[in-house]
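K.L.:
Sequence:
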Amino acid sequence: MNSNKNNDTMIFYGLLYIGLIFVFGIIYICIGKGNFKLPADEDYNFITFMYFSSITMTTLGYGDILPVTSLARGLASIQTILGIVIIGFFLNSVASKQAEDLALLEERSCQLGLQHTMKYGY
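Be aware that the sequence shown starts at 737, since it is given in this note's numbering, and climbs by one per residue.
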């Protein structure tokens, strides 16, 4: 049955999204403080770069922490693109699951001899 596959796919993309936030946070702290412009009162620590990574991955881009070198900008650009692509795949799997559930409901209605199926949201 495809339903389990769609559920697994949604979970996979959700975990991949969260995992990449951690991976890029670690990469940012490893490449060094000199690659970023931090607010004066901000410490150079893991939490700071996890914050930057999550803001970058979600494409919010508050601008309080800035990548100032080509390396940091390139990594942030790659992370942003990956975030958009993964969200797209996640939403596609959600839509596939909904379409599959609706088709299953219609099939069961036909088997029971019902004349129609109510579709909420249509």
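Heads up, a few of these hints could be off.
Derived pair list, reagent style DMTMM-like, types lysine to aspartate or glutamate, alpha-carbon separation capped at 25 Å [what the hints assert, rightly or not]: (1) K773 - D744; (2) K741 - E842; (3) K769 - D800; (4) K741 - E843; (5) K833 - E843; (6) K769 - D779; (7) K741 - E836; (8) K741 - D800; (9) K833 - D744.
Each pair of labels, with its calculated beta carbon distance range [stated by the list, open to error]: (10) S806 - E778: 19 to 27 Å; (11) C846 - G810: 50 to 58 Å; (12) I767 - R844: 49 to 57 Å.
No lab work stands behind these hints, which were simulated from the structure alone. A virtual CB, placed ideally from N, CA and C, is assigned to each residue, including glycine.
K.L.:
The structure should be examined with respect to each hint, and the outcome stated for every one.
P.N.:
Verification of the supplied hints:
For a cut-off of 25 Å, the pair hint linking K773 to D744 is broken: about 39 Å separates their Cα positions. For the suggested pair K741 and E842, the alpha carbons sit about 20 Å apart, so the restraint of at most 25 Å is met. Pair hint K769 plus D800 holds up; C-alpha atoms about 14 Å apart against a cutoff of 25 Å. With a C-alpha separation of about 20 Å, the suggested pairing of K741 with E843 holds against the 25 Å cut-off.
Proposed proximity of K833 and E843 is supported: the alpha carbons are some 15 Å apart, at most 25 Å. Among the hinted pairs, K769 with D779 is consistent with the structure: their alpha-carbon atoms are about 10 Å apart, no more than 25 Å. Distance check on the hinted pair: K741 and E836 sit about 11 Å apart at the alpha-carbon level, within 25 Å; holds. With a C-alpha separation of about 40 Å, the suggested pairing of K741 with D800 is violated against the 25 Å cut-off.
Note on K833 and D744: the hinted pairing holds, with a Cα-Cα distance of about 11 Å set against a maximum of 25 Å. A hinted range of 19 to 27 Å for the beta carbons of S806 and E778 is consistent with their spacing of about 22 Å. With their beta carbons about 54 Å apart, C846 and G810 fall inside the hinted range of 50 to 58 Å. Restraint check, I767 to R844: a C-beta distance of roughly 55 Å satisfies the suggested window 49 to 57 Å.
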